[in-house]
Amino acid sequence: MKFSYYPGCTLHSTAVEYDLSARAVCKTLGIELVDIPGWACCGATSAHSVNELLAYALPAHTITSATESAIAAPCAACYNRLRYTDVNLREDAHLRAEVEKALGRPYRAGVAVRHLLDIIANDVPADEIQAKLAGTLGGVKVVCYYGCLLTRPRDVAAFDDMEEPRAMDRLMELCGAEVLDWPRRVVCCGAAFSLSRTDVVYHMTGKILASALKAGADAVVVACPMCQSNLDLRQPAILKKLDLEGRIPAVYFTQLLGLCMGHSRNELGFGKIMVDTSPLIQKINSGRAETAAPAEG
Amino acid sequence: MIRLNRTPKSSAAIARMEEHLGHPLSQCYQCGKCSAGCPAAYTMDEPPNRVIRFLQLGLYDRVLEQNSYWVCSSCETCTARCPRNVEVKEIMELLRHDAYRRGLTSGERAVFVFHKTFLKTVKWFGRLYEPGLIMLNNLLSGHFFKDFAAVPGMLLKGKLKLFPGRGADNAAVRRIFKYSREEAPRGEV
Amino acid sequence: MARVGVFICWCGANIASTVDMEKVTEAAAKLPHVVYATNYKYMCSDPGQKTILDAALEHKLDGIVVAACSPRMHEPTFRAVAAEAGINPYRMQMANIREQCSWVHGDVDEATAKAVDAVRMMVARVAQSLALEPIKVPVTKRALVIGGGIAGIQAALDVADGGVETILVERTPSIGGKMAGLDETFPTLDCSQCILTPKMVDASRSELIKLYTYCEVEKVDGAVGNFKVTIRKKAKYVNTELCNGCGDCWHKCPYKKIPSEFDFGVGNRTAIYVPFPQAVPNIPVIDRETCVFFKTGKCRACEKFCLRGAIDFEQEDEFEEVEVGAIIVATGYDLLDHTQMGEFRYGAIPDVITGLQFERMSSASGPTEGKILRPSNGEEPKVVVFVHCVGSRDENYKEYCSKICCMYSAKHAVILKHRIHDAQAYLFYIDVRAGGKGYEEFWKRACVEEGAEYLRGRVSRVYDEGGKVIVEGQDTLSGEQVEVAADLVVLATAVVPAKGSEELARILGISTDKDGFFNEAHPKLRPVDTATGGIFLAGCCQAPKDIPESVAQGSAAASKTLGLLSKEDITREPTVAVVDPLICTGCWNCVNVCPFGAPEKSEITITVDGKKVTRAVSNINEAKCEGCGLCVATCPGNCIDQRGFSDDQVYAEIGGYLERVRAAKNSD
Amino acid sequence: MTKAEKQKEPEKAPQWKPNIVGFLCNWCSYAGADLAGTSRIPYPCDVRIIRVPCSGRVDPLMILRAFREGADGVLVSGCHPGDCHYIEGNYYARRKFIALKKLLDHVGIDPRRFRVSWVSASEGRKWANVVEAVTRELLEVGPFRYEEDGDD
Ligand SMILES: Cc1cc2nc3c(=O)[nH]c(=O)nc-3n(C[C@H](O)[C@H](O)[C@H](O)COP(=O)(O)OP(=O)(O)OC[C@H]3O[C@@H](n4cnc5c(N)ncnc54)[C@H](O)[C@@H]3O)c2cc1C
Ligand SMILES: Cc1cc2nc3c(=O)[nH]c(=O)nc-3n(C[C@H](O)[C@H](O)[C@H](O)COP(=O)(O)OP(=O)(O)OC[C@H]3O[C@@H](n4cnc5c(N)ncnc54)[C@H](O)[C@@H]3O)c2cc1C
Ligand code: SF4
Ligand code: SF4
Ligand code: SF4
Ligand code: SF4
Ligand code: SF4
Ligand code: SF4
Ligand code: SF4
Ligand code: SF4
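Chains as they are written, first to last, in the numbering used here: chain A, 1 to 297; chain B, 1 to 189; chain C, 1 to 668; chain D, 1 to 152.
Treat each hint with caution, since some may be false.
[What the hints assert, rightly or not] Result set (BS3-like, lysine-lysine): computed pairs, CA atoms no more than 27 Å apart in a straight line:
#1 Lys256(C) with Lys141(C)
#2 Lys665(C) with Lys17(D)
#3 Lys136(C) with Lys437(C)
#4 Lys468(C) with Lys240(A)
#5 Lys304(C) with Lys252(C)
#6 Lys437(C) with Lys468(C)
#7 Lys30(C) with Lys17(D)
#8 Lys417(C) with Lys437(C)
#9 Lys141(A) with Lys468(C)
#10 Lys468(C) with Lys214(A)
No lab work stands behind these hints, which were simulated from the structure alone.
Since this is a predicted model, take the numbers as computed values, not measurements.
Model the full assembly from the supplied sequences, consistent with the hints where possible.
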């Protein structure tokens, strides 16, 4: 399997650990990632918020620059923007003509835009993943958080269920985590306002954190750098405001996968998560030991 | 009192909006499901269904004065669940486009400024440059030290780069910006 | 040459405002065969019909074209007029210049030209039309009712009242349908069982009603007046002659935890069971799927304890063929499965239930003996949210309004208050649809007297958190988001056609609408007929309705049935296929394609060169032919033609139109 | 004798209106067309409708005949597959028409001139759309002309 890789801006900065772990896991699974020459920012919320043409032209530039027939995007927001662009440019000839004028070259339709989670969960057979696992998550309790953009809207994104997606849950179960059912897997975290209306982020992300803590999870597993940074960076302040005890690290699904595949924590960038992940790691290790013990005895 | 002395369609802005959406606004039957699930509704001047209601009544300008569309987080929850398949998120978006072109902040200057600076950094560097964004955003919004508490930690963890990265096809990006701006002359990007 | 009269109708302004009456009349008068053409304001009115009669006599017409509305509207009317005028009704044709012309085209010139063409085509057709005589077939004086809910029971009782034998086929072990499981009924709150059971008993006692419970219709042949119906009698594994319903068997059956279909999973049943205590007939059946004996070969407890030796594990499904003259379909409804709806967490929350589950809990004879309880922990709920329009009025599920749920939700709120005095009901609604006698008053009562809180807005999502069901909704009147931490959530899920309706439609040869409900012949004027002669509809299988409406339709279908079966014989359309035996080669293509088994292999003996030759040829049984024309178009030798839709007639129509086109093409 | 269609360049004569013969089954499509009427859904007026009991009644010869007599297009519309009033008439019809389309191509008649659609009695809007689409397509294809070879 070979994909053009679109890390998006955040994976080169705030979310380096996602980039590191994604590359590591893909390598192990034999998924070849080819960088897109000259890729640009997808424009994120801002572009589609204020200027329609810009919102389509920026992703179109990147799609057209891709060298492979499919793009793997780890960021849910980028993925959503790229998908939107591709769907709309294919349907709307007029829009496409406009975008092509902006690009100064023809749009390259027919490149499949895929989220990394979709690829790993749906393209790689479960037994192949299983075969690469060197250890388990030792039954740690996790909740999977998909966020709003990964599965919506129905006719654009949807590689999984819009209200109750399960792709990440399946992967985590495969890794031997105890995946808890919780009700907020697709609720928005307010990423668009991370710098402008932080109060909104507090409100939205707060609900998610509270729910994850209530569910009794040891970690929130995520597939989007925006979600991660909201859940992670702002966690101490939010929990303080909500008067809630505890800390719950937000980790990328690729980090946990990588851990089970035997990559080191350093390789996977665990140290770059702001909330302390050592209790989680300890739990994983002691869980592993417990499950291993009876087998020996 | 609202004086209903014109049909909604008589407003060019609303007609344009309907054309863009591909369905008339009258498709919404005001069930409120969009608002019920909207994570941002709590901080909106009017919840999404009312935004649509005002538009149905032809009160386009009144809607532009409300902050609702600025604080919409584009999460698509509304569109995904609408029983009448109304493009709710798209409506919010179209309102933002128009407000941005006209320079209307509707009390949400911070959001307005954020989008502006975000796009500026993208325009300059082809990609997002976060420290630059944070600084610029704070400068323009007047909250000079907001979020800087987290910065040292982030730098320490290697999460922030001090200098913008290279590699984007800057020429292409500038071209896109130039063209997009020409298309939208008042869009101060 | 035929002598055709053309009568062009204005339909008031309906046609005349878009079609130039004078021009059409003028053009018609010039056509070959036409000896008279006129127009009139309302052709179907008495004076309109008289115009036709008078003209027919005066001009010695032998064919008529009425250019007016759709033949689906008034063909019978004008056929009758033709007959009265001494003209064979099948030499009357209607040119559709209203539904397919004036109502859909705005331009007067274009619409007029199209109307003229329509008249041309019909005149040409009439000139080629043979006089046909309707086919008479004797009527079987017996009726079949499919579905034993309240609609079917009422229909069967009324047909039997009219002195006609009725077969009532019900696929579950008991008649009664959904109504048998309801608690009190709106708007009067009388107990459902109390008003239904007497009817069920009447049906079982009636000499003229034969109950076929645990049975299904397998196959239907024949046509109006003479249907041949194959009924599958599913094996009950109980000898119904010997069993007296004592109940020893089901009390002893060790397998007790099977979710009861009748209770919608709120209660359990045994493997040998009657669905509910008042079942009619009160005779158990063994459910093969769950019986331990059938699964493992061990148990037979029921057999041991049955003193009458009624258990019979050797039984097999049986098939019986019955002949009936008319069929009433009353297969009712099911509720949309809310576990396909993500916003309700795909049924993952036990305290989110459907209206019918609520009914089973609140029914005094139900599994909880009338106690309303939280399925998760068996406690009394104090805060109950009722959600209207779940999957109804929603383009992602069902676009239509389910009609009964506003009322039953109000009823549920009232019942809740009666059973649990300190409980609070919240109802999320979009509109309250309460158009019925006493209905508005009833929901007012729920709201004003019983303290139910009505919130105008939809629910977006429910969550389960901390042992509560969090309901996120909108109160659109205040413009505020509202959140209720509920103990129980009752969904008013959409009413959908009963499972298996599509299959039954296929067996019966009737059509369904876009939502799967059976189609009536006309939405206003023939609401209980189907387009297929002799098949009628009653109850929720046609559209969602409440009990009074289901009963009314059951009675209406019965009166239609009695009307049909009161005749000695009925006439069938003579538009059947006919084989020319002299040229038929016996290839049996027609036999193979005919969906109704009308072409039969037969022999003719003819004399060729003085020698008698016997040949195998096809012969079409008029009583079975439905006149679809499939065989006609399929016969490789062109040996079949169809009366009333003959090749000549169709070619005449094509010619009638294209002659003009060719003329026009040649002139440019 | 061969028939060859002369594809005239879509002459910029907006007055030209295609002549279309429509065979409609009585139970579904004819009723659907009636419903378009009762619902007042406007559509182009270039189709002349012939009512047949079932799309299965339509003999491919009828369609060829229509072309021979000067139709620019032919439309056959019946119940949705599976919904046929006569149970499976339209199923057979469908098979026949697939073969016919090939034949048309073979004899040089643009297959776009012949269209089969499924319109149910509840689809007045769809009927209007079908007519619209057929008309639009024929406007593109242009008038149908054929000549019979041979100097007899
Ligand atoms: C929660 C709820 C509460 C309600 N409360 C009220 C109320 O208070 N007042 C009121 O007026 N109405 C009420 N109703 C409506 C009422 O239930 C219906 O109007 C009524 O039951 C319709 O009767 P029916 O005979 O048409 O259908 P059903 O009751 O559904 O009966 C159909 C019967 O046909 C059988 N059947 C189905 N398919 C076949 C087949 N293929 N072959 C043989 N048999 C078949 C079924 O087993 C069933 O016995 C309520 C409905 C609901 C959902
Ligand atoms: C404004 C309006 C618009 C409507 N539009 C629609 C619509 O679009 N679609 C629809 O389905 N329905 C419509 N309806 C409803 C429709 O009119 C009724 O459903 C229908 O007419 C009822 O028919 P009926 O025979 O019961 O009563 P009526 O039409 O009232 O007929 C009763 C007859 O009995 C006669 N009569 C009364 N008393 C006596 C007596 N003592 N002795 C002898 N004769 C007597 C009357 O003169 C009358 O001729 C509409 C109603 C209104 C008011
Ligand atoms: S959910 Fe749809 S129909 Fe309901 S109020 Fe919102 S936009 Fe209107
Ligand atoms: S897209 Fe905007 S309006 Fe819609 S639910 Fe999300 S925040 Fe609310
Ligand atoms: S015959 Fe038909 S078209 Fe004429 S008046 Fe009667 S309903 Fe109208
Ligand atoms: S024990 Fe025998 S007689 Fe009694 S109900 Fe059962 S089968 Fe009938
Ligand atoms: S044989 Fe079957 S039905 Fe009879 S008692 Fe045993 S499990 Fe129950
Ligand atoms: S009856 Fe009431 S609750 Fe049911 S679908 Fe109609 S409006 Fe909704
Ligand atoms: S027309 Fe032919 S195929 Fe159709 S029902 Fe009659 S005999 Fe059968
Ligand atoms: S298809 Fe024609 S030739 Fe063949 S058996 Fe039937 S009637 Fe005779």
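Hint-by-hint comparison with the structure:
1. Restraint check: the Cα-Cα separation between Lys256(C) and Lys141(C) comes to about 45 Å, which exceeds 27 Å; the hinted pair is violated.
2. A C-alpha spacing of about 11 Å is found between Lys665(C) and Lys17(D), which places the hinted pair at or below 27 Å, so the restraint holds.
3. Straight-line distance between C-alpha atoms of Lys136(C) and Lys437(C) comes to about 44 Å, which puts the hinted pair past the 27 Å bound.
4. This hinted pair checks out: Lys468(C) and Lys240(A) have alpha carbons roughly 25 Å apart, not beyond 27 Å.
5. Annotation: proposed proximity of Lys304(C) to Lys252(C) holds, straight-line Cα distance about 9 Å (limit 27 Å).
6. Pair hint Lys437(C) plus Lys468(C) does not hold up; C-alpha atoms about 38 Å apart against a cutoff of 27 Å.
7. At roughly 24 Å between alpha-carbon atoms, Lys30(C) and Lys17(D) fall within 27 Å of each other, so this suggested pair holds.
8. Distance hint between Lys417(C) and Lys437(C) is fulfilled; the C-alpha atoms sit about 23 Å from each other, no more than 27 Å.
9. Restraint check for Lys141(A) and Lys468(C): satisfied, since their Cα atoms lie roughly 22 Å apart, inside the 27 Å limit.
10. Taken as a hint, the Lys468(C) and Lys214(A) pair is honoured in the structure, with Cα atoms around 13 Å apart against an allowance of 27 Å.
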